[in-house]
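Following the hints, complete the assembly by docking chain B onto the known chain A.
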Amino acid sequence: MKSSNFLAMLIARSLYALVAFITGIRPKFEGNISFGTERKVYFANHASHGDFVMVWVSLPKKWRDKARPVAGADYWLKSPLRRFIINQVFNGLLIMRNGNDPKAITQQMTDALAQNVSLIIFPEGTRNTDDNILLLPFKSGIYHLARENPDVGFVPIWIDNINRVLPKGKVIPVPMICEVNFGEELYLQENEDKDAFLQRAREAMLALAPAHKRAQYAEKG
Amino acid sequence: MPTSNFPALAAMVFAGIFVLLAIAAFSGYLLQKRPQYAHNLMLKEFNTRVYSWFAMTVILLVAFWLGRSGMILLFLIASYAAMREFMSQVYRYRGDHNAVATCFYILLPLQYYFIWTDWHSMFTVLIPVYAFLLLPIIVQLSSGSKTEFFERTAKIQWGVMITVYCLSHVPALMSLPIKHFAGKNILLLLFMLVVVHTGDVAYYLWRRTGGTQGGRRTTTGAIVSIVIATFVATCLFWITPFNPFQAALTGLLLSVMGFFGGTVMQQIKHSFGIHHWGRPAPRGHSSVLDRADSICFAAPVFYHIVRYYWT
Numbered sequence: 004m005k006s007s008n009f010l011a012m013l014i015a016r017s018l019y020a021l022v023a024f025i026t027g028i029r030p031k032f033e034g035n036i037s038f039g040t041e042r043k044v045y046f047a048n049h050a051s052h053g054d055f056v057m058v059w060v061s062l063p064k065k066w067r068d069k070a071r072p073v074a075g076a077d078y079w080l081k082s083p084l085r086r087f088i089i090n091q092v093f094n095g096l097l098i099m100r101n102g103n104d105p106k107a108i109t110q111q112m113t114d115a116l117a118q119n120v121s122l123i124i125f126p127e128g129t130r131n132t133d134d135n136i137l138l139l140p141f142k143s144g145i146y147h148l149a150r151e152n153p154d155v156g157f158v159p160i161w162i163d164n165i166n167r168v169l170p171k172g173k174v175i176p177v178p179m180i181c182e183v184n185f186g187e188e189l190y191l192q193e194n195e196d197k198d199a200f201l202q203r204a205r206e207a208m209l210a211l212a213p214a215h216k217r218a219q220y221a222e223k224g
Numbered sequence: 003m004p005t006s007n008f009p010a011l012a013a014m015v016f017a018g019i020f021v022l023l024a025i026a027a028f029s030g031y032l033l034q035k036r037p038q039y040a041h042n043l044m045l046k047e048f049n050t051r052v053y054s055w056f057a058m059t060v061i062l063l064v065a066f067w068l069g070r071s072g073m074i075l076l077f078l079i080a081s082y083a084a085m086r087e088f089m090s091q092v093y094r095y096r097g098d099h100n101a102v103a104t105c106f107y108i109l110l111p112l113q114y115y116f117i118w119t120d121w122h123s124m125f126t127v128l129i130p131v132y133a134f135l136l137l138p139i140i141v142q143l144s145s146g147s148k149t150e151f152f153e154r155t156a157k158i159q160w161g162v163m164i165t166v167y168c169l170s171h172v173p174a175l176m177s178l179p180i181k182h183f184a185g186k187n188i189l190l191l192l193f194m195l196v197v198v199h200t201g202d203v204a205y206y207l208w209r210r211t212g213g214t215q216g217g218r219r220t221t222t223g224a225i226v227s228i229v230i231a232t233f234v235a236t237c238l239f240w241i242t243p244f245n246p247f248q249a250a251l252t253g254l255l256l257s258v259m260g261f262f263g264g265t266v267m268q269q270i271k272h273s274f275g276i277h278h279w280g281r282p283a284p285r286g287h288s289s290v291l292d293r294a295d296s297i298c299f300a301a302p303v304f305y306h307i308v309r310y311y312w313t
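Heads up: the protein sequence lines correspond to chains A and B, in order. 4 is the number of the first residue of the first sequence in the numbering used here; add one for each residue after it. 3 is the number of the first residue of the second sequence in the numbering used here; add one for each residue after it.
If you're looking for bench data, these hints aren't it; they were derived computationally from the structure. Ideal Cβ positions, reconstructed from N, Cα and C, are used throughout, including at glycine. One should not assume that every hint holds.
As the list claims (entries may be wrong) - What follows is a list of derived Cβ distance ranges for each label pair:
1. A:Ile-14 with B:His-182: 25 to 33 angstroms
2. B:Phe-134 with A:Pro-83: 43 to 51 angstroms
3. A:Pro-83 with B:His-272: 13 to 21 angstroms
4. B:Ala-184 with A:Ile-14: 47 to 55 angstroms
5. B:Tyr-310 with A:Ala-221: 54 to 62 angstroms
6. A:Gly-34 with B:Ala-40: 16 to 24 angstroms
7. A:Ala-214 with B:Leu-22: 54 to 62 angstroms
8. B:Thr-313 with A:Ser-82: 41 to 49 angstroms
9. B:Val-64 with A:Asn-35: 53 to 61 angstroms
10. B:Arg-281 with A:Lys-106: 35 to 43 angstroms
Unchecked claim - Covered, in the sense of this in silico footprint (three residues per stretch, anywhere, with C-beta under 8 angstroms from a C-beta of chain A), are these stretches of chain B:
11. 86-92
12. 101-107
13. 269-281
Chain A extracted, bound-state conformation (with noise of 0.2 angstroms):
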């Protein structure tokens, strides 16, 4: 439908503009991205609701248009504003969080990933609102989704600062300065198991949060 693709254009470039005003976030330029944009799988710190907004907004257009952010179905087909919102205007991938079934979860997104598209997930499972933790422990399953797709690199992202623009029993955004910080892809290597490359993961992760925001919470332990 016409008039649907229109809606949608117009809801993604008002959020674009929204983000973009509050938080700086402007995309990448192609020439510093270092990987490709099919069959990858982004993996950023979650702190708040519109963290893969974030994400989205600082890939180039090229990489935007193969991402799909990994939702909560439960969240996202509650309303039909949201249904909307995360079909046509995000074109997201919705799982059933609170299934019983983890392999079904990464079949869809290995089945996904099998269209040549990329996707967005937060390995910590959940949002982190606890101001004295930098970065939660990761849930397996970012193990299990590399396992089935050895061949697919997995691109660590850091978002800087969106806590601030936002906390936690907070309704009205300020306007902070953010960052979304790309690293180096990796790929689940031969005989690694499930520990070491949730370490790994997790390293690649934090090593793109400023030093400073690193050693204020290695202080607090």
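Same frame as chain A, but now just chain B:
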């Protein structure tokens, strides 16, 4: 009508700036072609600076063309961007949230609204009096940590004073009813921006091209830049309501305030442990506050002097 907004004298000043920028860009380009300068970092920085001066001049020209509303809109946006840079350094605890939101969503638009309606007694007291008293109350009422209450409150007050209150005095110049100068206020604004920025540029060039090693600010560089800016101010007397002597004195005051604006803001950056506001961009540092810090200090003083003696 553009002609009434944009006197021929302003066009001449702009033409002069563009000629100087073209010379700077061309000499930068020629130097870069020489093999011994091809990878010179200083030259690269200079070229990105020239680029940003050029961009700034074009933006100013567009805003000037739109007249008073254009200037108010331009500086509203500049205040927003500068405050975003400042508050990104200040915001540390959740208890700051409501106070910072107040600065962005209430104080910023209100201040520029009062500028726009030319409500002098309100825009000169809104932030130094009402916001000064209100912000600590908001911080206290906010949920979240109460540590470093005084430091946090003071930093927020400082940020809004510099980036909103001080900067808003630039478009406020447009509303001054100067005798025998009706419709030409834009020239006054141009005079201030050119003089203050000349000081900045002279000091930057002095610091970067010799005289001193490292990035240390020296007394000689300060004096040289102030003298050059004062000289430029004197030469520009014909676009102002001042006679040459008055233009020289005002220029001296502007360049001294601008110089110390730069150094004070430098100290504040040091205390936050940063070298630039904002973050690195492909073409040098794209931060507003780095370029506007000297203007922030010069504008309110200039405004009050002109208002006291020439209206």
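Inset, instruction - Of all the hints given earlier, name the ones this structure violates by number, lowest first. - result: 1, 3, 7, 8 and 9
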